[in-house]
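*Asks:* The lines below spell out each chain.
There are 2 protein chains.
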Amino acid sequence: MVFWKSLFSTTEVPEAAKKAKMRRLVGFAEQIYFSTDKNIDLYELEELCDAVGWSRRPIAKVRKALHYSFVVGSLWYFRGSFQRLVGFARATSDHAFNATIWDVAVHPEFQNKGLGKALMLEMIAELRRAEISNISLFADAHVVEFYRRLGFNPDPEGIKGMFWYN
Amino acid sequence: MVFWKSLFSTTEVPEAAKKAKMRRLVGFAEQIYFSTDKNIDLYELEELCDAVGWSRRPIAKVRKALHYSFVVGSLWYFRGSFQRLVGFARATSDHAFNATIWDVAVHPEFQNKGLGKALMLEMIAELRRAEISNISLFADAHVVEFYRRLGFNPDPEGIKGMFWYN
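Going line by line, the protein sequences match chains A and B.
Every letter in the first sequence is one number past the one before it in our numbering, and letter 146, counting from 1, is 146.
Every letter in the second sequence is one number past the one before it in our numbering, and letter 14, counting from 1, is 14.
Just so you know, not all the hints are guaranteed correct.
Any copy, or any two copies together, can satisfy a pair, since identical chains are not distinguished.
Within a straight-line C-alpha distance of at most 27 Å, the following computed DSSO-like cross-link-like pairs (lysine-lysine) qualify [as the list claims (entries may be wrong)]:
| no. | residue 1 | residue 2 |
| --- | --- | --- |
| 1 | Lys64 | Lys113 |
| 2 | Lys19 | Lys64 |
| 3 | Lys64 | Lys38 |
| 4 | Lys117 | Lys38 |
| 5 | Lys19 | Lys38 |
| 6 | Lys113 | Lys61 |
| 7 | Lys113 | Lys21 |
| 8 | Lys38 | Lys61 |
| 9 | Lys113 | Lys18 |
| 10 | Lys38 | Lys113 |
| 11 | Lys38 | Lys18 |
Don't read these hints as lab results, they were simulated from the structure.
Here chain A stands alone, though its shape is the one from the complex (with noise of 0.2 Å):
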């Protein structure tokens, strides 16, 4: 009991959190909740690709990207009334079938702690929620092992991730 007091009940849900209704996700020290909200601010979001090393991009594209994807997932550390996004993902969908999940980003300060794993699990909940039942994505070499451990199967059945290049 006094474990879980230590780690839960001391902590208020913070105010923009319930606004957004964000999740709290259980199992970290840090209060880390889980968005689905599309409205992310852009910049912040940009300084978190930049953060992990990806080329720019232009806002707009990204605002059209967002809008047009099934699900845009983010996480984010709350201290007090400050808020930071630490992690995101989204996911394309023909809202039937399949999902393709692109742009899995953790903030580099807040690696190595689970959170990559979490959001993952989170945006698998969510589509699977919308009833779709195959999920695909695209793995760079060093993350093939990262995601075969939630479940990711590479090349199932011979089937290979192809790329169309001009």
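Place chain B on chain A using the hints.
*Replies:* Frame of chain A, contents of chain B only:
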């Protein structure tokens, strides 16, 4: 001149093709038209999917999937006022950066004529017109070579296509 005349100039564009703003594909003896109209007769689509041996899917879910697909491409064979669905493909997308092509099918009676290639080139052209730079797909082992010839690259830089299973 005689050659071109005999191939193209003697056939009128069918009314239905005109009405649906279909484009005739050149290089085929038959009258084959490409359409991006999403309002495909779903039972005719089911017949095509049956013919290529796919397992049946609930019509209501297929309707939803087509609605939320970014591009729905179809090939139609015309003879006089008779028209028949002979090819199909669709793409999901974030409308900005990436698109993934799914459900590519050509009716067995119309295979080995280059229709699959023509269909894919039309899909790529549609997606490029929409300024989508990253076109991906998941290819069954036996069609990897077909897609490679069209410019699709398997596992570029070690990127792996992965699928999640329950």
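*Asks:* Which numbered hints turn out to be false for this structure?
*Replies:* 1 and 6
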